[in-house]
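2 protein chains.
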Amino acid sequence: MLYYHLEARNGKPLYQYLYECLKKDILSGRLTAHTRLPSKRELARDNHISVKTVMNAYEQLLVEGYLTSKEKKGYFVAAVESMPDYRPELVQHAQIYMEDRWFVDFTANQVVYDKFPFSMWKKVMREVLSEYDIELVQRAHFLGIKELRAAIADYLCRSRGMQVSPECMVIGASIEYLYGRLIKILPRHAVYGVENPGYKKIPRIYEEYSLQWAYIEMDSQGISMESLRKSGADILHVSPEHHYPLGTVMSAARRQELLQWAEEEPDRYLIEDDYDCEFRYHTRSIAPLQSMDRNHRIIYMNTFSKTLAPSIRISYMILPEKLMTRFVSESNFYSNSSSSCEQYALAKFIRKGYFERHLSRMRKYYQKKGELLMRVLKQSSLLPLVHISDGRSGTHLLVKVDTPLTDTEIKWGARQQNIHIACLSEFCGEIKEEYQHILVLNYADMEEKDIREAVRRLGNIFVEW
Amino acid sequence: MLYYHLEARNGKPLYQYLYECLKKDILSGRLTAHTRLPSKRELARDNHISVKTVMNAYEQLLVEGYLTSKEKKGYFVAAVESMPDYRPELVQHAQIYMEDRWFVDFTANQVVYDKFPFSMWKKVMREVLSEYDIELVQRAHFLGIKELRAAIADYLCRSRGMQVSPECMVIGASIEYLYGRLIKILPRHAVYGVENPGYKKIPRIYEEYSLQWAYIEMDSQGISMESLRKSGADILHVSPEHHYPLGTVMSAARRQELLQWAEEEPDRYLIEDDYDCEFRYHTRSIAPLQSMDRNHRIIYMNTFSKTLAPSIRISYMILPEKLMTRFVSESNFYSNSSSSCEQYALAKFIRKGYFERHLSRMRKYYQKKGELLMRVLKQSSLLPLVHISDGRSGTHLLVKVDTPLTDTEIKWGARQQNIHIACLSEFCGEIKEEYQHILVLNYADMEEKDIREAVRRLGNIFVEW
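In order, the protein sequence lines correspond to chains S and V.
If you read the first sequence in the numbering used here, its first letter stands for residue 39, the second for the next number, and so on.
If you read the second sequence in the numbering used here, its first letter stands for residue 39, the second for the next number, and so on.
Heads up, a few of these hints could be off.
Identical copies carry no separate label here, and so any pair may be met within one copy or between two of them.
To be verified - Straight-line Cα separation of at most 30 angstroms, DSS-like style, residue types lysine-lysine; simulated pairs:
#1 K238 / K110
#2 K111 / K62
#3 K402 / K438
#4 K50 / K360
#5 K222 / K62
#6 K153 / K62
#7 K416 / K344
#8 K50 / K222
Hints in this document: simulated from the structure, not taken from any laboratory.
The task is simple: from the sequences and hints, build the whole structure.
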């Protein structure tokens with residue numbers, strides 16, 4: 039008899055929790071390979087749950103390869119690789135590796151690797167290896183390699199009309215890393231404002247640093263000034279150019295209001311996250327807040343992990359002079375955290391125009407793929423479609439559906455179709471009716487050939503239930 | 039008339055503070071190029087200080103190129119590069135770049151760049167560029183590239199007799215970065231113990247994360263158990279293999295005591311910093327604490343910045359299984375912070391035996407240089423030498439001198455000789471008589487040809503005063 043404390047499921051759907059319990063026992067070796075599992079009926083009876091619940095859990099384990107079924111004989115534990123020498127961390131690895139098993143993962147907001155300009159990148163890396171010696175091994179300037187800071191400053195001038203001094207730029211291995219350094223020079227007891235809905239990583243970083251933070255609501259023009267003023271926030275993390283996941287482009291008027299808000303008090307700052315600014319398809323982008331900064335209030339952040347590759351550990355932030363002075367005295371004892379070789383390579387890659395050429399190719403590629411996905415979604419006869427977002431920038435679409443299913447049920451249904459999706463409600467601080475039943479479909483790393491099948495499976499979620 | 043508020047000098051020697059004020063004004067453009075400065079006598083009178091004080095400050099500015107002197111005409115402000123467009127951050131840069139101007143910098147505990155195995159390193163980098171494609175750009179495993187973790191584990195087994203699973207190893211861009219991640223999984227209200235004297239970076243990191251910490255005294259066998267017990271510390275950062283800067287190798291008995299201490303309470307941990315373990319010249323190293331760990335108490339840390347190059351941003355830590363489980367669930371949302379390309383290259387570099395070959399060359403090289411420095415120090419007729427440390431490991435010597443000068447005066451004197459040194463007292467929490475008048479001479483990146491001249495200048499400090 040197999041019995042689980044299903045009351046400990048913490049609000050999760052029964053079938054999902056049962057599935058997780060079974061998987062854990064398989065990976066831990068408690069259920070060894072080739073063991074016959076109880077029949078659906080038996081397990082349902084012993085655990086006081088419905089047969090359908092067991093069936094859903096078993097189905098999922100079958101799809102993922104943790105179980106095999108033999109006709110008329112029942113379900114058997116599969117010989118899962120990590121089983122023999124189980125350790126807790128291997129369970130976690132198993133979960134991470136599992137991501138690869140999805141037929142399509144709409145939550146992976148990543149680059150498409152086979153479009154990476156390998157030959158160009160390898161060419162500049164080889165050039166750097168030939169041309170530099172001592173520079174590759176000596177301690178880099180703590181702000182990052184000067185050539186790279188200068189190349190980025192020029193690029194930002196061309197592409198975003200920004201006037202940036204390389205002396206006010208800090209290169210770092212990741213946005214999280216830069217954030218860690220930034221927090222140390224911002225007012226100690228500041229309250230951080232977080233867009234709601236928004237990118238979940240940001241509040242998580244604040245939690246890690248034990249900072250106070252508050253959600254700020256969004257309206258059609260961008261961040262809600264009323265909500266911001268009510269929140270008591272001093273510092274706001276904001277993506278005016280392209281909000282994730284709503285896609286809102288903040289209006290010029292709202293940008294002005296936001297700047298004014300920041301200037302009202304001496305310790306207010308805006309952290310402008312310009313992630314994704316490179317992918318606009320139909321409209322010209324609006325000038326970033328950074329270029330409107332009159333009063334040392336804007337911290338600008340961006341990264342190459344989306345435009346180039348997540349393995350190239352180069353992000354940057356641009357500080358107003360006032361903060362830069364503080365940064366220099368606080369942080370010059372830390373070594374720069376990015377590889378010198380890759381910094382030189384990226385500087386060359388930008389200088390030679392390869393970066394902008396790559397962006398322009400990717401822009402076309404993403405636009406085409408987004409349009410195809412939109413077309414296929416609109417043609418779907420199964421999907422109870424209400425609305426699709428305009429898709430004029432970024433690499434995701436929002437799809438509103440008309441369904442009695444809850445968002446949790448939609449996600450679970452997708453899982454059974456072997457596709458992984460997120461719903462807008464997951465990006466929210468609290469449940470709001472208007473943000474329900476909206477799928478967030480990231481298509482950046484999706485293969486075009488899979489789009490029709492992925493949409494067919496999406497449709498199935500709503501039919502089979 | 040040039041007047042400075044010298045009472046704001048905060049305990050600094052008068053001449054040093056005056057020198058800093060003048061330099062600041064030169065860099066800020068307040069004193070423009072070719073301006074004639076007041077004579078030594080005038081400046082002394084106007085500021086109520088001695089002519090000798092002014093002379094010392096002017097001399098230093100001359101040496102560093104901020105002033106020029108014309109016979110019978112006086113002192114003039116030099117045309118310093120960063121002057122025209124002064125911004126506060128440039129002043130700071132000037133200070134950083136200044137490090138290059140020292141004739142010898144005994145504080146720079148860095149590698150000697152021209153001994154870097156360029157051809158081997160470039161060879162493996164080129165191989166990685168040829169052999170890998172997609173692996174170079176896709177998001178790396180959050181613990182780091184598996185090949186590298188396996189290569190390090192094998193190396194640690196060969197060189198340190200450690201049995202390490204690559205699954206319990208975390209690669210990160212720096213020790214500071216790994217520390218930031220580590221702190222999140224250690225008990226929240228722990229008190230961290232810091233060796234006194236010790237590496238100054240460690241308490242600084244604790245301060246950054248607002249952690250409680252306490253100094254722990256050292257005795258001849260290593261960390262003092264009595265001081266440790268009194269301190270109330272729960273977690274101790276310790277370098278049993280080679281304490282910096284004392285050079286103490288912790289006795290086997292003390293290691294056992296330390297392990298027992300850690301096992302007494304459920305939330306006690308030892309962070310074993312094995313930095314420098316590779317450079318032992320005469321004796322075999324003692325087994326690291328990590329290999330004696332029976333009870334999930336040892337966190338092991340090491341880096342390639344000293345053994346290879348500071349620009350190769352690869353450090354690692356090894357966690358006990360219990361902590362690893364927590365680490366996986368806390369940190370798997372962060373991307374790995376080191377470059378994938380360099381991780382693959384380092385894995386190859388270790389696998390092919392290049393790393394150990396390089397270490398063995400460097401060991402001979404450092405040993406020879408240390409012995410030469412010791413010989414020259416002993417022969418110096420100017421240096422009031424009392425004692426030199428044994429130099430059997432690491433890349434620095436401790437030199438005790440008999441002098442009426444304070445440590446601040448010694449450092450200032452060195453500055454006037456255009457050499458940069460640290461005194462042991464700087465590594466201490468509070469002033470202790472026994473740690474006074476001891477020079478810490480790092481010789482790793484010093485050129486052999488400069489040793490005699492550097493020691494001559496060291497001697498001058500004590501003669502001219």
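Going through the hints against the structure:
Taking CA atoms no more than 30 angstroms apart as the test, K238 paired with K110 passes in neither setting, with 46 angstroms inside one copy and 70 angstroms between copies. For the homomeric pair K111 and K62, the shortest alpha-carbon distance inside one copy (23 angstroms) is at most 30 angstroms, but the shortest distance between copies (85 angstroms) is not. With identical chains, the CA atoms of K402 and K438 are at most 30 angstroms apart within one copy only, with a shortest distance of 25 angstroms there and 69 angstroms across copies. Taking CA atoms no more than 30 angstroms apart as the test, K50 paired with K360 passes between copies only; the shortest distance there is 26 angstroms, against 48 angstroms inside one copy.
When the C-alpha separation of K222 and K62 is checked against a cutoff of 30 angstroms, the pair qualifies only between copies, where the shortest distance is 25 angstroms, while the shortest distance within a copy is 40 angstroms. Taking CA atoms no more than 30 angstroms apart as the test, K153 paired with K62 passes in neither setting, with 37 angstroms inside one copy and 51 angstroms between copies. Proximity of K416 and K344 under a CA criterion of 30 angstroms is satisfied intra-copy only: 28 angstroms inside one chain copy versus 59 angstroms between copies. When the C-alpha separation of K50 and K222 is checked against a cutoff of 30 angstroms, the pair qualifies only between copies, where the shortest distance is 27 angstroms, while the shortest distance within a copy is 38 angstroms.
Comparing the model with each numbered hint stated earlier shows that hints 1 and 6 do not hold.
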